[in-house]
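Whole structure, please, built from the sequences with the hints as guidance.
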Amino acid sequence: MEVVAFLFYYITPYIAVAVFFGGIGYRLYRWWKRPPVTSHLSLYPRPRGRAGRLLDALVDVFTLKGLLRVNKPLWIGGFVMHLGLLLILIGHIRAFTDFYFLWDLLQWGEEQQHQFSAVAGTIAGILFTVPLFYLLARRWSGPVKWLSTPEDYFLLFLLITIALTGFHMRLLTRVAVDELHTFFRGLATFQWQPAPTSTGTAFIYHFAFVQILMVYFPFSKLMHTIGGMFSKMVARS
Amino acid sequence: MGVLTQLVQNLRQRISRPLQYYYDVCVRCGACIDACHFYSYSRDPAHIPAYRVMLAKRLTQGGNGSNELVRWYRDLGMLDGRAVEELEKAMWECTGCRRCAVFCPFDLDTALMISAGRYTLLQEGIGPEMIAEIGNAEVSKGEIIDMIKDFYLEQVKSLEARLQEEFASDLQIPVEKEGARVLYVPLVGEHAIVPAAKIFHAAGEDWTLSLFTATNHSYFVGDMAKAKQAARWIVEEAKRLGVKVIAYPECGHATRTLFSFFEGWFGDEIAGIERVNILQLVADYLQEGRIRVQPGTFDVPLTYHDPCNLGRNGGIFEEPRLLIRSVATDFRELTPNRELNWCCGGGGGLVAAPEMKEVRMKAGRKKVEQIQRTGAKWVVTACENCKAQLRDLNEHYKLDVEIKGVIDLVADALVL
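The listed protein sequences derive, respectively, from chains A and B. Those letters in the first sequence? Residues 1 to 237, per the working numbering, in order. Those letters in the second sequence? Residues 1001 to 1416, per the working numbering, in order.
It should be emphasised that the hints constitute simulated quantities derived from the structure, not laboratory data. Treat the hints loosely; a few may be bogus.
[Said to hold, decoys possible] In silico BS3-like pairs for lysine-lysine, Cα to Cα no more than 25 Å straight-line:
1. Lys1149(B) / Lys1057(B)
2. Lys1366(B) / Lys1398(B)
3. Lys1362(B) / Lys1398(B)
4. Lys1089(B) / Lys1177(B)
5. Lys1149(B) / Lys1228(B)
6. Lys33(A) / Lys1057(B)
7. Lys1362(B) / Lys1089(B)
8. Lys33(A) / Lys221(A)
9. Lys145(A) / Lys1057(B)
10. Lys1057(B) / Lys1141(B)
11. Lys1089(B) / Lys145(A)
12. Lys1244(B) / Lys72(A)
13. Lys1177(B) / Lys221(A)
14. Lys1141(B) / Lys1244(B)
15. Lys1357(B) / Lys1398(B)
Below is the structure:
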């Protein structure tokens, strides 16, 4: 077990990062080498001008306004989940560095920083996790069941697992961010540092599942994060 | 080589960049489930847009060597025959209306994939070959035009004489007029020429009638090489006569080829030639005061059906409404309308395929409900496909409505 933990702490992170970026590069290349179409696949009404179309696509990406118009329950599920995810990703910046300027500005000490993170992180976690269960239930019922592939279930379970191990650290332990900084900076500079201890055992599970997600990401439907913008621009060409 | 193996190879060759995005981006969220009028009656997964994409993707993606793929497909419990049957349903029972693309959070265009799938299936003789046959006739028309030209001119002359008697003694229907401003491309039959001729006359437009028709059935079956060839006759005619504007009639799919495909097909050849639908021209005439109409000519309750290819696929939403409101007193909107309007159920060439009649009538149920809710007596639209389908629906469901064209209304309300 210790060997496995050691691998996930110090070896596989490099593989995960390499596969993540390499895989995304490969997928971009695969899109690029396909022949483009010469026709306009526009959907109307569409905004005028290149800048207008780009702006419209971006607004749609960040608000899902198109979905809001036609399917409100799914919009709530999809939008809130993605919003929670965005907040969580921003919050995770604290694992690598910190919002020093923000704390200076607010003149917050360590205790206040922790309390703020605890509240904001928990809210973001709930925003992310509850919709995941809704989306999972949706997959199990009605016509969406026909559309659901093993990949869809796998990703939902993976994300839920990551979220729950994250909650474990957030709610049941008090994470010392300094430990995380030391550990991750050590990984980045190839000067390995001891794994964080304040996080309990949840950290290694959380970290390992995130690595699995990173490896799987480029070969899954999660590529919609990048391709979605491209396809939106096709519809506005 | 099995049918399925051939299908896989053909489909693979048609994977363009957008199609690859669609394959990779679809998260199977199911937003499109509520968009499809076929699924709304059948509850058959093969009618769900995302499922159609999954079917095609399963055939064409993953692993190398199509034989292996076919085996994999069969191993999943899909016998060769059943896979083809399901694919046939997914590809042909679709009107290409792209309502699902409006519903999709990523704007995925199922119709693009359907187009590739149809072409592939037809190569194997699977699907309504009638549509392809009409398409072939349109392609070869340019080669035999000299043989049928005299007959056509004669017909036009007699129509002109009749309109001079009925409408205006100095009305003309010019054909092959060099230097005319507008080349108007009609449909088969005088119904697409008569109202246009009246309006052009009233507006004092310098126009000429095309020897060809705007319809393009090869486009319906996804045979883009032939679709381009059929359109080429019109482009050559426009260039020979030196026109400034190509105007297409009340025909959805033809207008879509004009707006979405001409630029890619002909590039510089059509640079400087404006491409419009007749509704846009007529709306301009009205706004510029080049024609006058009698307001309130029609007081029956009427509604407007947005044809998919003019509305969400062509951007013509307001022109027909402007024209209808200028001549009618009781205009009622369908709900939903504009880009969210339900397809009539006859698009994608299905109206031209007799074996699709039953499916069409079922797929039109949403449209029937929409019309009934308005209480309208006339259903006005601007697409030949929609008109044919709406007439069939009217008969089948005993709707007791009349189907009208937008420019018919304008032509009947003209004040000379």
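How the hints compare with the structure:
1. Simply put, lysine 1149(B) and lysine 1057(B) have alpha-carbon atoms about 47 Å apart, too far for the 25 Å limit, and the pair is violated.
2. A distance of roughly 15 Å separates the Cα atoms of lysine 1366(B) and lysine 1398(B); the hinted pair therefore holds under the 25 Å criterion.
3. The straight-line distance between the Cα atoms of lysine 1362(B) and lysine 1398(B) is roughly 14 Å, inside the 25 Å bound, and the hint therefore holds.
4. For the hint pairing lysine 1089(B) with lysine 1177(B), the CA-to-CA distance comes to about 46 Å; that exceeds 25 Å, so the pair is violated.
5. For the given pair, lysine 1149(B) sits about 22 Å from lysine 1228(B) by alpha-carbon distance, which is consistent with the 25 Å threshold.
6. Distance restraint check for lysine 33(A) and lysine 1057(B): the Cα-Cα separation of roughly 18 Å lies within the 25 Å cut-off, and the hinted pair is therefore satisfied.
7. With a C-alpha separation of about 14 Å, the suggested pairing of lysine 1362(B) with lysine 1089(B) holds against the 25 Å cut-off.
8. Between lysine 33(A) and lysine 221(A) the CA atoms are separated by roughly 19 Å; this keeps the pair inside 25 Å, and the hint holds.
9. Note on lysine 145(A) and lysine 1057(B): the hinted pairing holds, with a Cα-Cα distance of about 18 Å set against a maximum of 25 Å.
10. Only pairs whose Cα atoms come within 25 Å are accepted, and lysine 1057(B) paired with lysine 1141(B) is rejected, the gap being roughly 37 Å.
11. Distance hint between lysine 1089(B) and lysine 145(A) is fulfilled; the C-alpha atoms sit about 20 Å from each other, no more than 25 Å.
12. Distance restraint check for lysine 1244(B) and lysine 72(A): the Cα-Cα separation of roughly 47 Å exceeds the 25 Å cut-off, and the hinted pair is therefore not satisfied.
13. In summary, the hint linking lysine 1177(B) to lysine 221(A) is not supported, as the alpha carbons are separated by about 56 Å, beyond the 25 Å threshold.
14. Distance hint between lysine 1141(B) and lysine 1244(B) is fulfilled; the C-alpha atoms sit about 24 Å from each other, no more than 25 Å.
15. In summary, the hint linking lysine 1357(B) to lysine 1398(B) is supported, as the alpha carbons are separated by about 16 Å, within the 25 Å threshold.
The earlier numbered hints that this structure contradicts are 1, 4, 10, 12, 13.
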